[in-house]
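Enquirer: Each chain, written out:
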Amino acid sequence: MQIEIKDVHKTFYSKDGEEVKAVAGVDLTVTDNEFVSVVGPSGCGKSTLLEIVGGLTGLTNGEVLIDGEPISGPHPAVGLVFQQESAFPWRTVLENVEFGLEMHGVAKGERRERSRELIELVGLKGFEDRYPGELSGGMRQRVAIARTLVMNPGVLLMDEPFGALDEQTRLILGEELLRIWSKTKATALFITHSIEEAALLSDRVLVMSARPGSIRKVVTVHLERPRDSSVVSTHEFGDIVGEIWKVLREESMKTLKSQGQI
Amino acid sequence: MSYAARVRLTRWAVILAAIATLEFMPRLGLGDAITLIPLSEIVSELFELLTEGELMPHLLATGGAFVLSFLLAGVTGVPLGYLLWRYRPLKRTLDPYLTTYYAIPIFAFYPLLLAILGFNILPIVAISWAWAVVAVVLNTSIGFGEVPQVLIKVGRSMNLSRWQIISRIFFPAAVPYIFTGLKLGMVYSLIGVIASEFVLSTQGLGYLVSYNYLNFRTAAMYSAMFVILGLAILLNLALTRIERRLYGHV
Ligand SMILES: Nc1ncnc2c1ncn2[C@@H]1O[C@H](COP(=O)(O)OP(=O)(O)OP(=O)(O)O)[C@@H](O)[C@H]1O
Ligand SMILES: [Mg+2]
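So the sequence lines, in the order shown, correspond to chains A and B.
Under the working numbering, the first sequence is numbered contiguously, ending at residue 262.
Under the working numbering, the second sequence is numbered contiguously, ending at residue 250.
With the rest of the complex left out, here is chain A (with noise of 0.2 Å):
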């Protein structure tokens, strides 16, 4: 499946009447079974996009279309995994990545062999009885991706699905990520802010400016797939992300001086 993201923008009108220019002017096409990053200062937009993309946020301007089509809302073929955490912490493992069949009506035996077949993909097999207090942060994580992944989505959105987790946990369930998407062959647009998460995974990443988030630099990702995060230790890599660096370290040094931090 395709996003088309048009000249997209979104102001929020806090209470006393002040505008915080979020998203100002982003064009972005994603193509089918395409992977594509965004990396950005903190408090660029970049949430803010994925939730336009999503059908959660409204926009102020410009349009958002799913294979051609404009959305107006959730779009039902488009899969979300959130910034914070959002496992159901009232249902077991299993019964959380059954939840959306659950809801959509699939008849029980259909749905737990196909949460159970995630379960696996993501590598919590062992542990769907399990309650999210019982487990592990990244195990969290994993249970929400499972839990969109089951609906099958041709769009997959997330946002910094592993922001919490250190940098090893970072990498090795981004190298799972990998080898799950590609058996799914959705689209991804995925928001982080590590620059190697990105680079590790993406076909192209793309860097945002400071706030309002406007798209400063595309950088294609030549690395041959199936990739694993041994490619981190190459000079193809090295270049990669000393090319995204250089952009980002600008536009995070203005988000800082902004707040006057430096």
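Just so you know, the hints here were simulated from the structure itself, not pulled from any lab data.
Possibly wrong hints are sitting among the right ones.
No farther apart than 35 Å at their CA atoms in a straight line, the calculated lysine-lysine pairs in the DSBU-like style are these [as the list claims (entries may be wrong)]:
1) K21(A) - K91(B)
2) K185(A) - K217(A)
3) K185(A) - K246(A)
4) K6(A) - K21(A)
5) K246(A) - K217(A)
6) K91(B) - K15(A)
Let chain A serve as the given structure and place chain B with the ligands on it in line with the hints.
Expert: Just chain B with the ligands now, kept in the frame of chain A:
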């Protein structure tokens, strides 16, 4: 020994020490004989009261008033808590009353309630309900406010209906808070019933305590107290069980 084992051991030691103190202090002549009697005498009295069926009507009276007032507090408190969370102006308006609510000794109004409702179970239920409901309302409205937005977004992104989001995400997410409210409400309505029975009734465990006290039947008075204690512990356990059932374990 593990930490948990030591904690458990200490707990038992405290209970044993309390039992020993209750038993031997009066036997050693510490404390006066009317207010403090050996535990063994209390227990045998309790046993007698139970087997002779003298306790049953009182237990039923207290139980009935409690169940009524607690159910009423739950049935009215949860929806009110929801409304309070849902309509901000309402919360704004009521906030000062709610926060100072427990500073008001509602029990002081019993003559008024007697005059309006008559000398029967109703004033007891009314006082206990009033005493309990606000704890339920407050905790419920806090609970709904604490539901993480992201959980709602999960539901929206899956194209769920409004009702599905409310019943399958919003309510379960608020359950721990609602149960905190219900547990408090339960304790408050039990206190409400017992305390009301001191003055508003000729039946019930509260009445039994005060009646036996006034008639110097110390062992019987303590028996009634123990029954109240047991009741409170049992009710709390039951509610905790139900919560676990509903929520898995957290
Ligand atoms: N609902 C809202 N109302 C008002 N302002 C908002 C709202 N949501 C986001 N913003 C503002 O919009 C800007 C962009 O927020 P957003 O969450 O999209 O940033 P982000 O790039 O995802 O940040 P991070 O890297 O910290 O996740 C921020 O300044 C934020 O305060
Ligand atoms: Mg964000």
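Enquirer: Evaluate each hint against the coordinates.
Expert: Okay, the hints, checked on the actual structure:
The straight-line distance between the Cα atoms of K21(A) and K91(B) is roughly 31 Å, inside the 35 Å bound, and the hint therefore holds. The straight-line distance between the Cα atoms of K185(A) and K217(A) is roughly 26 Å, inside the 35 Å bound, and the hint therefore holds. For a cut-off of 35 Å, the pair hint linking K185(A) to K246(A) stands: about 32 Å separates their Cα positions. Pair hint K6(A) plus K21(A) holds up; C-alpha atoms about 17 Å apart against a cutoff of 35 Å.
Note on K246(A) and K217(A): the hinted pairing holds, with a Cα-Cα distance of about 10 Å set against a maximum of 35 Å. This hinted pair checks out: K91(B) and K15(A) have alpha carbons roughly 18 Å apart, not beyond 35 Å.
Comparing the model with each numbered hint stated earlier shows that all of them hold.
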